[in-house]
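Sequence order for the protein chains is A and B. Numbered according to this note's numbering, the first sequence spans residues 1 to 258. Numbered according to this note's numbering, the second sequence spans residues 1001 to 1538.
Keep in mind the hints are simulated off the structure, nothing from the lab. Glycine is no exception: its CB is placed at the ideal position from the N, C-alpha and C atoms. Any given hint could turn out to be false.
Calculated from the model, a selection of chain B residues having no Cβ within reach of chain A, i.e. all distances over 10 angstroms [what the hints assert, rightly or not]:
(1) 1122
(2) 1154
(3) 1187
(4) 1233
(5) 1260
(6) 1286
(7) 1367
On the chain A side, residues computed to face chain B include the following (Cβ under 8 angstroms) [as the list claims (entries may be wrong)]:
(8) 49
(9) 50
(10) 53
(11) 72
(12) 74
(13) 76
(14) 241
For the chain B half of the interface with chain A, some residues (derived, Cβ under 8 angstroms), not all of them [claimed, not checked]:
(15) 1156
(16) 1179
(17) 1188
(18) 1189
(19) 1311
(20) 1338
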Amino acid sequence: MRIFATYNIKGGVGKTATAVNLSYLAAQDGYRVLLWDLDAQAAASFLFRIRPRVKGGGKALIRGTRSIDGAIKATDFDNLDLLPADFTYRNLDLLLDAAKKPASRLGSLLAPLSSQYDVVFLDCPPGISLLSESVLHAADALLVPLIPTTLSVRTLDQLTEFIGRLDGTRPAILAFFSMIDRRKRLHREISQQLPAQRADVAATAIPSLSLIEQMSVQRAPVTAFAPRSTAARRYAELWREARERTGLPAPARDPRIQ
Amino acid sequence: MRVRSYLQSILRQFVLGGGSDPDPVLELPGSAFALSYAPRSATLRRVWLDTFDWRLYRAGLTLEQATRSGGRAELVLTGRDGEVIAEDHLARRQRPGGGEAGAGPARPAWPGLLDALPLGPLRDHLGPVVGVRALLPVARAVSVLRDMRVLNSDDKTIARACLDRMSVTYPEAGTAPPRLSLTGLRGYHAQALRVAEWLAAAPGVTDASQTGLEAALAVAGRRPADYSSKIDVTLAPRMPAAAAIAAVLTALFDTLVANVNGTVRDIDTEFLHDLRIAVRRTRSALKLTGDVLPSGMVGRFRPEFKWLGDLTTPTRDFDVYLLGFSGMAARLTAATPDELQPFHDHLERSRAAAQRELARGLRSARFSGLGREWRHALAAAATGSTRPTAARLAASRIGRAHRRVLRDGGAIRATSPPESLHELRKRCKELRYLLEFFGSLYDPGEHWRAVRELKALQDCLGEFQDMQVQHEEIRAFAAQMMERRAAPATTLLAMGEIAAGLAARQQQARSEFAGRFREFASPAAQSRFRALTGAAAT
């Protein structure tokens, strides 16, 4: 089981859109995929039309009084399940703080699912907190959407430095530019220069497109409702790059027969 | 439509509208759910496979080859609850002029033996159940499948449904009533159950009591497992013996006829085996009970059934050798299995010649004439004399046969010649057949026990006889092969080693005989036997 997390300290940079589309593409490839919507705002749950409610709330999950298995819901798509958000997730930090070994808690909650899923996506809320620390410990790879500004590059440096200080295994970082506005010179320049200069920045960039915003109207991944669109093609390129850079093995099963 | 999701995790299945509406449209008005139909239907070609004697069905298994339009064939083995046990994906048929059309092992042609399937879990599961029998299509159909999603008020899919309109093409053409299968989705089980309840209460919808295979067969008025090589007649104790024997002989002839096509086409070895047993039972019935039939009938037909029995012997003898060949080869210690190859080739060639003779005989005017006249004679015999009753005849003939086994077996000593055991084996076989003919007259538990006790003795005698026959035959084969210069010396030496092994096994059976017979002839076993037939005759 390989765990990807879409993460950034900043909000509104395209984390949820990335998690939703990449998890859909992974499922289409034949991987058995789970997406965990960790954000109390429940955007990923909303996009899959799944009610943001977990019995017993975040407390029962973190404490382990209710199994994570029983909270999982099938999406409308083959091979893709979702662990929905819950309003109580806003207190996940406090709950983790009260748990034993909070930093490794998410990883140990996910471990029993390794026979059911090949790929897990964690859609994280913005910020830097105990929850983020637990995500960084659990994840094999971080997918970090960046708005092409000087400040966001600084944020990536800060994140890299923070991860460098973590004990134990550290996730690989794959940053990529998101919400690029081709009309802005700065966006164009940074998004072209940085991937050439830094190995941790993907060559693929996701443009700012109204079709991506349409996802909240369609309540489905853009890769599902407009698979031939530019947006869908970019997400497919990003998923290919993420798969290759993290050495994800090919799915065990033929997607055509599932 | 994907075959696997179609077959897997079905929550509940329904039959719609009793088949009157060819394209029923389902709706869920008044429920909290809506149905969303897939824009297009998918076509699925389906072939259900089983052995001629329904070994898979009897073991609670269903094997289906399903092919999507333009897709690959998939073989799926399911259990009693429709759960997938194993599956294999087969390539598309070879195109004329060469070139494999798709990935995966080539699609086998049916009927076919199990070794036509690729090695893997599916074949591993089927092997112990199917044994030496061929898999053959027991039903064929084309399903037009329409996928549906069941949506809640958020337009979220909470269950999937599939409407299956099935046109059966074999064993008879016809249309099965439309079926709807409902599949649950993770996390929405409670809602899917509500949908199922709602559907079950809808007008014209009933729970499907049949599997797809059963529904396909029902079109032809058939059911699975409608063939068995066992004698399937129900006799009444007071019915006239002539009518009872005619019923038994009719059932035996039905079995014989059912196996002719498979024997002629040489589909697997067991068609001939079952056919031979039906002939042998018929001959025994004529010999042991033929006196209650109209006069002249036995004299007219006994030579014909002897002819038929003799016609089948050579092929079966080679089958016995070939079926046991790998076991024989594995037991070699001095020689290597490769050295036996010329012997194997010799057996194959000889069998092919014998099979041609057999097929010719079964297609002959003599055989078809025998069938016509035999049926006619049996119909007349059933309305003949009313005395004695079936139970009295059974008691007297079984009693006599039992006494003969006890007398002949009791006379056998360590020094007795092999022929005395061969004769005893024949007497045991006659007793066994009588028990089978009249089995329906008796208490099933007591009957089963009597057969089991006799079978233990028969197994020992059978081993003794088989080893002797095979020992003699292998020497004859060796002589033939030498004469034709068809075998190198190493092969003849290997055959010699096999002959020695057969002799040792025969000796072993001989040494076990006394103990087996003692058990069969024990006072307790004897009184059980007498009680069995006595109760029905009084």
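Verification of the hints:
no.	hint	verdict
1	1122	holds, 14 angstroms
2	1154	violated, 5 angstroms
3	1187	violated, 3 angstroms
4	1233	holds, 47 angstroms
5	1260	holds, 40 angstroms
6	1286	holds, 56 angstroms
7	1367	holds, 48 angstroms
8	49	holds, 4 angstroms
9	50	holds, 6 angstroms
10	53	violated, 11 angstroms
11	72	holds, 6 angstroms
12	74	holds, 4 angstroms
13	76	holds, 4 angstroms
14	241	violated, 27 angstroms
15	1156	holds, 4 angstroms
16	1179	violated, 22 angstroms
17	1188	holds, 7 angstroms
18	1189	violated, 10 angstroms
19	1311	violated, 48 angstroms
20	1338	violated, 39 angstroms
The structure shown violates the earlier hints numbered 2, 3, 10, 14, 16, 18, 19 and 20.
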